[in-house]
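Chemist: Going line by line, the protein sequences match chains A and R. Under the numbering used here, read the first sequence as residues 840 to 1235, first letter to last. Under the numbering used here, read the second sequence as residues -17 to 196, first letter to last.
Just so you know, the hints here were simulated from the structure itself, not pulled from any lab data. Zero decoy hints are in this set.
Heads up, simulated DSSO-like pairs for lysine-lysine below, C-alpha to C-alpha not over 27 Å straight-line: (1) A/1139 / R/62; (2) R/99 / A/1155; (3) R/52 / A/1155; (4) R/62 / A/1155; (5) R/62 / A/1228; (6) A/844 / R/62; (7) A/1159 / R/99; (8) R/101 / A/1159; (9) R/101 / A/844; (10) R/62 / A/1229; (11) A/848 / R/101; (12) A/844 / R/99.
Residue strings, one per chain:
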Amino acid sequence: MLMWKLLRKNLSIPQLAGYVFAGFAGLSIILFGIQFYADTKPLYSSNDSFLNPDFLVINKKVSALSSLSLSASTFSEKEIDDIRKQPFVKNTGLFISSKFGIRASVASSTFGRFYTEMFFESVPDDFIDVQSEKWTWSDEQNYIPIIIPRTYLTLYNFGFAQSQGLPQVSENLVEKIKLTVTIYGNGKSKNYDARIAGFSDKLNTILAPEAFLKWANTEFGSEKASKPSRILVETYNPGDPSIAKYFGEKKYEIADYRGNTGKVAYFMRLVIITVLIIGLIITLLAISLMLLSISLLIYKNKEKLENLILLGYSRKIVAKPYQILGLLLTLLIFLFAFTVVVIFRKFYIEKISLLFDNAEIDSNIIFTFSTGFVILFVICMINALWIRKKVNETAK
Amino acid sequence: MKTIILNNVKPNIFSESEVSGSEIWRKNICFEKGNIYLIFSESGKGKSSLFDFIYCRRNDYSGKILFDEKSADEFNSTQKKELRSNHISLVFQGFRLFSELTAMENVEIKNRLTNHKTKQQIIEMFEQMDISAKINTPLSLLSFGQKQRVAIIRSLCQPFDFLLLDEAFSHLDETNYTIACQLIADEVKNQNAALLVASLGEPYKFNYNHKILL
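Extracted from the complex, chain A is given alone in its bound form (with noise of 0.2 Å):
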């Protein structure tokens, strides 16, 4: 301890006092900040849909003139590729629809068998967020799964089902009913068996794999490809607003958009990130602070190291107080931080479980730890590599 009795000669209480409040105040907030979006994240962003979020369902509107085929609904490759041009577009996916007869029957063992036309569309597999095994298709399988809107299943429960004094099924159960499909087309027919692997919230259509509907297109099909009237796209960020803006002015429709409340999370992240700068800088300042504080230190010390290394002390011991001092302040700056995290975390969780009463807060407050961790890692790593810059300088 006589190095200590030594070297803590001139040490300023103050400036080191400030060290740690402006260090608090900065790592406080930069903290507060990441746990407070890992909190509130599942509020502001739901995925009830097979489809991702991020998906969007874009068409025409349908107007007088459609009906009449003067102006398409369909769009053209040169609209597509405006499209994909868009900034906030990272991927299209373009929709295929069947070219064949479809006939569907279910065996009913209350009216014997119901027959049905039907259609089939299907969009790319990228696009798809069901289990893989659920969703294949080959020429050999004689199966075929389709997903159908959960409206369809909403309509038939507390529609027809009510009304007819038929039962109501769930989705597991309609999951089990085997469907017979007929496909039919070009002079010829084949019999499939179809299940439903899903429901869907945004698109309002029966979809089949697109490697099936190519597949038959080209067998049954009875005309050439025709234009797609409807597109999938998926962005960077749904709540973004030039999205709303572009589709506007396009006249095209967003089947379904959930675009407040990607613009609450898109507000959320901008609020978030400009918060976590500001704790940057300030932790930036703090650790600035610190240096100074230390710089000084070390040069009205400068005497008493330069004995100290003419005696026979190393640098590196020379400069170890010093740098044990910055990692014992930084230290106490985490705990204080933490503390402060844990404490409003509690605060603000009971307020959320109030305003929500369904919110599930699954997070913890691991990865705020573990990134408090991180930043008191390199602060102290910079301290001590800065402590040993100022010894070298001044001993010779």
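With chain A fixed as given, assemble chain R onto it according to the hints.
Modeler: Showing chain R alone in chain A's frame:
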């Protein structure tokens, strides 16, 4: 380390005419372990500079200083640390003691590098030098003569091959420096080291093998 060789060394601050009469500057000279040297000159001839060069504190000179064939200007900080803690001890003209510490602590901070002396041996040296009453006194309260004696004790608390005294008795009376010289001579003999005494002319109480004019 057995020898220190000075090969055509001249401090940069001195002109050629200033070093013309010297037996060290611009000459080849070898200091060998086991010998006692008196290096004398009037003030300003570079006694402290010579010791600073040998102690690797400064390198503003031309020529070469060799420690057993190894050139001083090639020493890195680790080698300098080793040199200062185990091979060369120096009593600085300006002492270089720590005024924040007591007399004893000033010696201990040196001794703990190598644990060359026991605490008891250090106390005995304080007693021999007649400053045992000041052992626990903060250094700032000591007189020059007392500080000088603390500096001498500190210089003996390490293993060395060469002990350099830079006007180490300038504040001591004859009685005191006689005791100090005895203490130093014993330690030098024990360690079979060389002693280099820089002085303005006063030979003090050593049996010199060589007297060299700087």
